[in-house]
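Asks: Sequence:
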Amino acid sequence: MNDYDPRIVALYDADNPDGPDHDYYRSRADQIGARRIIDVGCGTGILTVTFAGKDRGVLGLDPSTAMLEYARVRPGAERVQWIEGDCRVLNHRSFDYAVMSGNVAQHIPDPLWQQTLEDLRRNLAIDSLLCFESRNPLRRAWETWAKEEPTTRMTPFGLQTEWCQTRELGDGKVLLESFARFEDSGEIVQDDVVLVFRTDQQITSQLEAAGFVVEHIWGTWDRTPFDGSQAVMIFEARAR
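In my numbering, the protein residues as written are 36 to 275.
Rather than coming from a laboratory, the hints here were simulated on the basis of the structure.
Certain hints may be false.
Label pairs and their computed distance ranges (CB to CB) [unchecked claim]:
{"hint": "1", "residue 1": "A45", "residue 2": "V248", "range": "16 to 24 Å"}
{"hint": "2", "residue 1": "E243", "residue 2": "R174", "range": "19 to 27 Å"}
{"hint": "3", "residue 1": "D262", "residue 2": "R91", "range": "17 to 25 Å"}
{"hint": "4", "residue 1": "V248", "residue 2": "W198", "range": "38 to 46 Å"}
Where a beta carbon is used, it is the ideal one built from N, C-alpha and C, also for glycine.
When you get a sec, could you build the whole thing from the sequences and use the hints?
Replies: And the structure:
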């Protein structure tokens, strides 16, 4: 993978702050009494470090060297085990709680997505819980992103102007091209990612094929059942 520009990584937490999504993932960990947690696609570790506590082991997994370099020096990082890679590097660890926050699921293409679910299942104890969210494709969020006007803000790296454009690739895939122009130098940093928008039925079938039972699909972070109209789908799946 092409890694992230360190300046973009340094701004990630401010752009994606702690909020109700993180509250949800932490509350579920507490409610099930999780003792061995894996955060898949942990990024900068902003959520990951908050899982750590007495008698609780936490592993942060991410394929990005730049993201993990940032995560490893953040406050509380010493309480987490950090591993670079994806779920294929796991070796039958007995986790009892797994999370994928920040729409990580949409960044994993097929067939690697199915392989990821199967790898996770092999590394989860029976009755362990997997929680993650994905955007509802019926809301077509990418159309809104493409219509947004460029924005300029002051950052530790000077004025920065940001904008994006999107293109549908078919089969639920959308190319998101994000641009950041650092005004002092005129340098433009471009980040391209293909996001996969899967339906709730698709994800349910994939989870079942990997050895999970879907217990809930929520449409809000306060656990309102998903009815097809909400922007997000939050899955809770139990390892069979």
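Asks: Each hint: holds or not?
Replies: Checked hints:
Between A45 and V248, the C-beta spacing of about 40 Å breaks the proposed range 16 to 24 Å. Between E243 and R174 the CB atoms are about 24 Å apart, so this pair conforms to the stated range of 19 to 27 Å. Look at D262 against R91: about 34 Å separates their beta carbons, and that is not inside 17 to 25 Å. A hinted range of 38 to 46 Å holds for the C-beta pair V248 and W198, which are about 42 Å apart.
Comparing the model with each earlier hint shows violations of hints 1, 3; every other hint is respected.
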